[in-house]
Amino acid sequence: MSSLFDPLLVVILLLNLFVLGASRLRAVIGASALQGVCLGILTITAHAEITLEVIAVAVVAVAVKAVVIPRLLYKAMRDVAIVRDVEPLIGLIPSLVIGALGTTFSVIFSQTLPLVAAQQGSLILPSSFATVLTGCVVLTTRRKAITQVVGYLILENGIFIMGLALLDAMPFLVEVGVLLDLFVAIFVMAIIINHVSREFASTDAAELTALKE
Amino acid sequence: MTLADLAQVIAKVVVILVVPPFLLGVIARTKARMAGRVGPPLLQPYHDLRKLFAKDSVLSSTTTWVFLAGPAVALVGALVAAALVPVGDGRALWAFDGDFIALAYVLGLSRFFTMAAALDTGSSFEGMGAAREATFACLAEPAFILGLLAIARATGTLSLSSFLGPALAHQWSVAGASLVLVAAGLLLVLLAENSRIPVDDPGTHLELTMIHEVMVLDHGGPLLGVILYGAATKLFVFAALLVRIVIPLDHPAWLVWAAFLAGLVAVAIAIGVIESTMARLRLPHVPALLLSGCLFCALAIVLLVR
Amino acid sequence: MIGCLIAVAVLLASAALALLAGRHGRAPTVIAAVGTAIAAGVALPGAIDALTGAAPVELVVTWAPPIDQLRFGLDPLSAFFVIPLAVLGVICGIYGAFYLDDQRARRWLAAPACFYNVLVAAMLLVLLARDAIGLLVGWEVMTFASYFLVVFDHAQLEVRQAGWVYLVASHLGLACMLCSFLLLGGHGLGFGDMRSHPPGGATAVVAGVLGLVGFGVKAGIVPVHVWLPEAHAAAPSHVSALMSGIMIKLGLYGILRTITFVGPALPWGPVLLGLGVTGALVGIALALYQRDLKRALAYSSVENIGIILIGLGVGLWGAENDHPAVAALGMCGGLFHIWSHVIMKGLMFLGAGSLLHGAGTRDLEQLGGLARRMPRTSALLVLGGVAIAALPPLAGFAGEWLIYLGLAHGGTEAAPGSGLLLLFAVAAMATVGVMAVLCFVRLIGIGLLGQPRSGAAARAHESGGGLLGPIAVLAAAVIAMPFVWPLLLGALEPVIEQVTLARPDTAIVRQTLAPIAILGGVLWVGVGIAMVAIRRLVRRRRAAETWGCGYLAPTARMQYSGASFAEGIHRLLPRLLRARITARPSADLFPSPGQLSADRQDPFTRAAYEPLLDRGARRFGQLRWVQQGLLHVYILYIVLAVVVVVAIVSLRDYWVLP
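Line by line, the protein sequences give chains A, B and C. Going by the working numbering, the first residue of the first sequence is number 1, and it counts up by one from there. Going by the working numbering, the first residue of the second sequence is number 1001, and it counts up by one from there. Going by the working numbering, the first residue of the third sequence is number 2001, and it counts up by one from there.
Because the hints were derived from the structure by calculation, they are not lab data. Ideal Cβ placement from N, Cα and C applies to all residues, glycine included. Do not take every clue at face value.
To be verified - Not everything, but these chain C residues come out facing chain B in the computed CB check (under 10 Å): (1) 2431; (2) 2434; (3) 2569.
Claimed, not checked - From chain C, some residues computed to sit far from chain A (all C-beta separations above 12 Å): (4) 2061; (5) 2182; (6) 2494; (7) 2522; (8) 2632; (9) 2635.
As the list claims (entries may be wrong) - To list a few chain C residues with every Cβ distance to chain A over 12 Å, as calculated: (10) 2013; (11) 2064; (12) 2634; (13) 2649; (14) 2652.
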């Protein structure tokens, strides 16, 4: 692993916190796109030898996470004509605090895991857990359906990072599979949001309470 | 098969076919005598049968083949039952292990079709008879089976011809109390199954009091003749069982036969006496009577098994 | 055995084809019926081979861990159940094709056709499985396929509720079965492993009881039978026939398997005998006053399962206590009664279906007079009624006869304590027999005879050959069985040997069956002659209205109804088993309006299950606040759960290491 690795992971952690603290929708989507770019670079730096498959995966990752999906989201944002604000349920400062606590928690948890020597000091696992937690927090505490999609995106980013940690064990097919899964899920969500907004004139997930008895 | 055996078989067949209506005549005569009347001739039932078979029939337009099957199956069932019961010298025409259960079920087959024929007429009266018959059969059957089981347990065999034979004579001295209880229970079953007082009154035609009589209201002419004959045979079957339990002789042959026939007449006279001296029980009390029959037989088993 | 596997494949393929045939008129049901017929034809020779002692063939399929291997094969016990499954499966399949035919314009018939074949395939799979996983998978598929068949008429509320009860009961049973297998499968989940490593002591008892309860739910053992009347009454008639005929016998198959695994740790003989007597008495008592024809038949199934258990129980008792005659008679009786009940119940349910098809209702109080309007269906139903009431000369009597003799032999030979119980069991069976006669005379007499009690019955029309043909085949089997059985005894020996671990002495069974065959012949000949003679005697006849001792104008409403017929015995039943009747009679001297309603709910549901479940529902209702309906809250629950688990796992080291 080259020396770009750890700084990139730190950038990803910072982007997590940015997503938690930002109040404008465009910023949030842009941050997740930037995370995608970082992940693409990470893929290349993570592999010891750079083969064609590695470059292919990195390019696809950047394409899907940084280009296609954010464009989908921007388009959805325009079509739905919503207020371009993240509407949080618990306030931005508390979200930030939770994000920070989550990152700390991830670091502690990684220390307690019985890791291989090569991975002991690395930041991969903490950043993976932290990203997953961030995604969960966004999913839980944001009202709008689009922000929930972004939260899911960040969740998948975290899983992707974990995949990089298991590089020797994880065949390429799985990495590509994760990307495909992400793509399909986001696609479906975008369609659903479109339909929901058309049917109910609102994509406020807090109003979708038909499941309550 | 020797000549003596062949003679026995023929004698049994003749007795089974000929004697049953005579028992009805004896009962009628006894009741008349006890009421201070002269009463009909002893052979009157035969004349009745001959008269009935000569008549035309009137069949209800509601009825179907089941109406005709009722008397047919009742008769066949009664005759097969008579073939299974020890007659005369203590052996039945046909004996095998467990034949007492077959006896109960063949009579059950007759009962099934008699009740179906009653329901076939579409009359509430006959339906009522069938319902009552069904209810009381549910109580009489366990008593019957328990009584015979007690004797089976006492003698250790499973065929009517064996456990109502010589082994039973010995049991009277060993387990007399149980056998008295069994005889009492089987007497109650006889009264219930053959529609005698105190369970049913064969001479009445009032709605409140009929069970068997009412089931055959629409059968007339030859059909009624068949039913009458079948009922007589059924009475013969139960009476034969009772006689063999009380008089389980084995030899010499002429004494056994004489005792058997005399016993049958005695049972008929006893029925006549019971019918003359007792009134019919109110219907809600009949289950209690039959249940006591069950309990007699159950108690007999408990006493034997102890 | 290969034949059976091919049969499973054929059934599944025809099910898929039927689905694809979709909306094209009769095609789906025809494809499914043809598939069933081919499958039965292919499966039967293999099963017969397995019963007559051919070498067992096993198919091993490797799977991913943790299952590793799935084994399929036929041993005599399985083959014994495959034969009636094949026979009844094809007959009900053909019947079903005709039965549903007149609904093909309104309903999508490919679904029931497909699910029927899947059901038969799943039942075959359950019988072919030689390890617990295969059996459970087949069981679950069987449950779901039959559920979808049961709720075919899902437009009616009772049908939906019946399906729900069935699903819940089946899965509770499955849970018990699963626990039982897990307890027995310490050394591997294959049947061979479970058999050669029986557990000891308390584990065996718990596993045996759980297996008995789990399989007992499917078999319809009292008190876990409450789903049976609901589901079997709600399903279409050919499905009811299949379910009541063979599916509940798979519960018995499971119990017999559990007995082979658990062994003598539990006193199986007395347990099965006790359950059998209870089930028989309760089943027939509840069947007596049912108003719905199919519900009454379902309760009769409960009763017959009780009788089969009595037979198996006394057979096992005989095997344990060294009475070879009792063992042979009891086991043969129980096994024969399984086969005869498959045919008889199939006959009755298919006949009831034909009745429903012709008269449009299965409410006993609205039927009547059908013997003139539907003569062939009525004749077959009368035959079936006589058979199920276990009267000679038909199949039902022969099976019970062997059980009776097993009990009687045991009762007369055994020690005082057990002898007494066996003798009282005989009396109980005799009572059950008489009550069965009452029940079926009621169903036949009120339903078929007399005058029609409603317009629908008056307008009834006879069913076509497609419905009557299968019923006639079953009727022929019912007539022929008592004569054929002495020849089939050899086939039962390996089955009994597998369960009781001792070769049975079937000579005494043959000896016992011979008089019954003769009795049957005598009765048939006698009744034939008597009917001919009587027809001659009543040659000079004229028709008139029913005399009824002088009623001038009888009407259909004056006839005895089903409720009146059963009232006498109903009053004698224990209070628990009776229907709940609320009556407000007219209090005046002169006729004024009165009111009566009868609630015929199953007394076990009314007294035990419903109050228990209601109380449970109220308690759990207090936890409703957990369900907020908001997506965020649900994701929060997931996240919290993950965090808690992670914390526990990571902090566990700190607890352990000081």
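- Query: Close enough to count: is the Cβ of residue 2434 of chain C nearer than 10 Å to one in chain B?
  - Reply: Hint on residue 2434 of chain C: holds, closest Cβ of chain B at ~4 Å, below 10 Å.
- When you look at the beta carbon of residue 2494 of chain C, is every beta carbon of chain A farther off than 12 Å? Since the minimum Cβ distance to chain A is about 52 Å, residue 2494 of chain C lies beyond 12 Å and the statement holds.
- Query: Hey, does residue 2064 of chain C actually stay past 12 Å from chain A on C-beta?
  - Reply: Given a closest Cβ separation of 17 Å, the condition holds.
- Message: A cut-off of 12 Å on Cβ-Cβ distance, and residue 2649 of chain C was said to be off the interface with chain A. Does that hold?
- Response: violated, 8 Å
- 12 Å cut-off, C-beta based - residue 2635 of chain C kept clear of every residue in chain A: The claim breaks: residue 2635 of chain C does not keep its Cβ more than 12 Å from every Cβ of chain A (closest is about 5 Å).
- Task: Hold the hint about residue 2431 of chain C up to the distance rule: shortest CB distance to chain B must be less than 10 Å.
- Result: Cβ of residue 2431 of chain C sits 5 Å from chain B, so the hint holds.
- Query: Does the claim that residue 2632 of chain C lies off the interface hold, with its Cβ farther than 12 Å from every Cβ of chain A?
  - Reply: violated, 5 Å
- Distance rule for residue 2061 of chain C, whose beta carbon must clear each one in chain A by more than 12 Å: Per Cβ check, residue 2061 of chain C is outside 12 Å of chain A; nearest 26 Å; holds.
- Item | Assertion that residue 2634 of chain C lies outside the chain A interface [Cβ separation over 12 Å] | Check fails; 8 Å does not lie beyond 12 Å.
- Message: Interface hint check: residue 2569 of chain C, Cβ to nearest Cβ on chain B, cutoff 10 Å. Holds or violated?
- Response: holds, 5 Å
- Any Cβ of chain A at or closer than 12 Å to residue 2652 of chain C, or is the non-interface label fine? violated, 9 Å
- Message: Checking a non-interface call: every C-beta of chain A should be farther than 12 Å from the C-beta of residue 2013 of chain C. Is that right?
- Response: holds, 32 Å
Going down the numbered hints, you'll see the structure goes against 8, 9, 12, 13 and 14, while the others check out.
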